[in-house]
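J.: Protein chains in written order, with our numbering: chain A, 16 to 304; chain B, 355 to 776; chain C, 59 to 382.
Hints in this document: simulated from the structure, not taken from any laboratory. Treat the hints loosely; a few may be bogus.
Computed list of lysine-lysine pairs in DSSO-like fashion (alpha-carbon distance at most 27 Å, straight line) [stated by the list, open to error]: (1) B/498 with C/251; (2) B/454 with B/484; (3) B/766 with C/135.
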Amino acid sequence: MELILQSIINGLIQGGFFALFAVGLVLIFGVMGVVNFAHGELVMVGAYTVWLLHAQNGIPFIPVILIAIILVTVIGLLMERFLFRPTCNDPLAGLICSIGILFILQVLATVVGGDGPSKQVPPPYQGTLILFDFLRVPYQRVFSFFVSAAGLGTLWYFLTRTKLGWALRAVALDREASALQGININRISMIAIGVGGALAGLAGALMAPLTNINPHMGHNVIITAFIVTIVGGVGSLSGAVIAAVIYALFHTFITVYFGGVIATICGLLLMVVVLIIKPTGIMGVRVSE
Amino acid sequence: MKITRRDFLKKTATGVALAGVSAGLPVNVFANEKTIKIGMNIPMTGDYAPWGLPGLYGCEIIANDINAAGGVRIGNTDYKIEMISFDHAYDTEKTIQGYKKLVLEDGVKMVMMLGGSTVSSILPWAQRKKMLTTTLLPSDITPKSEYLIATCESHPLYNVTGVEWLAENFPDAKTAVIVTNNDVEWGLQSASTYKAAFEVAGIKVVDVNLHGFDVTDFAPIVSSVLAKKPDIFCMATSFYTTPLMEQLYHQGFKGKIISCTLDYYNEVIAKTSKEFVNGTIFQFPDFNDPALLQEGIHFPDPNGFDAKFRKDHPNDWSAVAWEYPAILLNWIEGAKAAGSIEPTEVLKTLKSNKKPNFVFGGGRWWGSKLWGLDNAIVGRWPVVVIEDGKARIKEFRSLTGWLDKNSDVLIKHMKALGLHTV
Amino acid sequence: MKIIIRLLKIIAVIIFLAGLIVLPHYLKFHYQDLLIFLTVNVLVVASYRIVTLTGEWSLIHAVMMGVGAYTAALLFKNFNLAIWFTLPLAGGMAGLIAALLSFPLFRMTQFYFLIGSFAAGEAIRLTWMQFIVPFGGSGGLSGIEPPMIGSIDFMDPIPYYYLALGVVSACLFILYRIEKSRIGLTLHAVHWKAPLAQSVGVDTWRYRALAFIIGSFFVGIAGALKIHYLGTITPNQFGIGFMVFILIWVIVGGYNTIFGPVIGVVVLTIFDESVRGFGELRPAIYGGVLIISILFLPLGLESIYTKFLTLCGIGGNSSDGPPP
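So here's chain A without its partners, still in its complex pose:
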């Protein structure tokens, strides 16, 4: 029983991260129609920023998080301007370009951090919160959870309560109609990838003290993001968040009882099953042609 509750807590915290990356990916795909294969590497850049500036050079954690967010956002904007915009008519080309960026970012990480074992960032918030005598949650994770939730909350507010947010949703729903309404598609694309990048950078920065940092860490991120995106529904942001939490719990529980590799295999199979049975996912309404 204790194990189950502990696993639920662990799962929810993981869900926070998964939601951050998946929502970013969905935003980019929904608004721009392009699959950003380099999304995992964007998260990696966020994590490396924390390692380099905070762990190696002692700059305080919170400012470094902001720097990470800004840095990844800028990278996203550059990608939009120079890669995705010229190839906007051919999504496959855009995808291939993102693969090119994937390689470049990975090598950049190797050069900055060196090869060798994974880097570790000592958690800025030490100590563990103990609830009911047996539930243990390190303060670092508590912090990450609340910040992720805050990030997602801010996004929700932006999308539902601001004009810009509505414009974004409009473009995701129907590009042509939005253009006819006078919405500047290029500008909206930039905002979409900017936000997606910001979320990825935030996720990376929050994950940094909790995980192994190495040039290949993006691999798992992208797989998770795909699974969550598909299960949640490709066009749907709320679907992505819900799916993120469900998948995180699913993955955590299977890891606990059967091991990590089996959990990932199950995740992939789950994704295939969803694609077969209900390709629009839990919440998706749009099936792209």
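Dock chains B and C against chain A, hints included.
T.: What follows is chains B and C alone, placed relative to chain A:
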């Protein structure tokens, strides 16, 4: 908290890579002298770099010392030693490429390797070319691999010594859990050995968690095994000792921790606390340990070696830093005794010595019971414990003793995990 | 004029073939090995092209090569079957798995198919990693040897090269014929004019699946071919890393004709060797090449050849692009 060792490893590794690693790094080549070329087909970049690159540094120190003293006399000739390295980054295809290059193009007389799937991939070539090859993992030996020997490290066998020592000194510890990565050559071999050792010591293993390399979050795994309330947490030969120790600390584990390696334990202390890490048991000494000055230790000036290493490569010391040098020294002694540098001759001479030289003394050729050939040297092995934030050798225990009595138990556990034995 | 062009083309081809046969004798050991792997990779990209003929890009091709390789490895290790048997059986197994996967995968198109094929491939690869029996887990399997016939030891690079060259040439010939046959034409129709094809009774699902199965069959053979020379197989050889290389070779080379991907893999492999000295930076250079290629040469390297021909006033009729 600056962690500069990684910086250093990165700078040297990058420099090495950019200098065109495959061209080799000759050490002290003297135009008019006769030179023996020794090949190192090891990972110098990538995840396994800490178990390759520091070994090269160590060998260079040894080679420089020998060359400065005029070289080594084998037969009637004085030779200088030249180390030629190839970085395979633990990729099978590159390993084969590197091996062929070292043997066919560079003309080395011995190839030192790390071990695991990279060694399995070159075995057919080693046999065909009759090239003496060394590994750190006796588990690579097969009944047909005559040219493969493991003359220093005997992973995973020596892990039993730590368990023996723990059982003797902490008789109240009765239950254990094992958490390690699920790859065949490191994690599983190690896990099976620890299971056997626990069984022999009368300790019950209540849970085993073998996880993949893609795990980023160790919290659920550690929670899961700690739920069984073990007295002992065993990390076998995990690549993730640092995050695991962190989790144990955060989740309030108060029992005994035992592992095969504990590389970069200073970082672990930084992430947790000295009090928490004190008492952790593992198998790899720092070479500035005074215990190494005892009788029966077969390594020239270990404290001096340690000092030189830390001066040139301040933060790169790892478990293998002294092992490859020990293998090199072992080879040199074999060549001297054989009066020849040819692989077949050296191999014959080494194998014919019933009491081969072994770093920690008490060496014997062993292995046919498990792997078909007596091509591994086993002897005494140190049990190391962290005391006051430093690794200190507590005792040298006889591995041969344990193996003579209990190899059947070991075979049983290896087979249970699907590992190859004869 | 046309006859002279034709003659020139035939002479060029003969010189080329002769060159291929003599080449290994002039190379060092190391490059002989690379030549063998290059030959195998030519088959890999040519077989991928057949899959993409229907307009669906899968991310499972590398894993299919692995299926062929593992099949050959297991057949050799457990039943001692020689390469002449393991090659077709490896292809057959890959084709079979492809057939089975067609059912779930081809219910999706485009983006979903891409992701679905990626997921299925990863799941298979993780299965190899997870189960030591029989796949050897993460360490894989080793000791897979090529045969000896009389005194010719196929473990030596030059004999094996001829073996590989022969097999790959035969396969390429078959693939070329398929593409030019009715089946090939139907595949094109499914790609460019699916509704029209359907309206004349073509079952698009079936043809997509067929292309996928054929492509998988041949890449399975390529996998077996590689593994018998290399001797060792690990799951990481067939992951997303290799799949990305395949994509790069096909896209940079162009996929208008069957020669495009071949040009791509040859040019890029040579390029790759020449930047070997850059060590860690190599993937970044590859990434850069990929991006530049997509942005500035979207039709691939082979389009340079086509443009050259057009410039000389010789129109080609090899254009399989979109109909007007």
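J.: Each hint: holds or not?
T.: Okay, the hints, checked on the actual structure:
| no. | hint | verdict |
| --- | --- | --- |
| 1 | B/498 with C/251 | violated (60 Å) |
| 2 | B/454 with B/484 | holds (12 Å) |
| 3 | B/766 with C/135 | holds (24 Å) |
The structure is inconsistent with hint 1 alone, although it conforms to all the rest.
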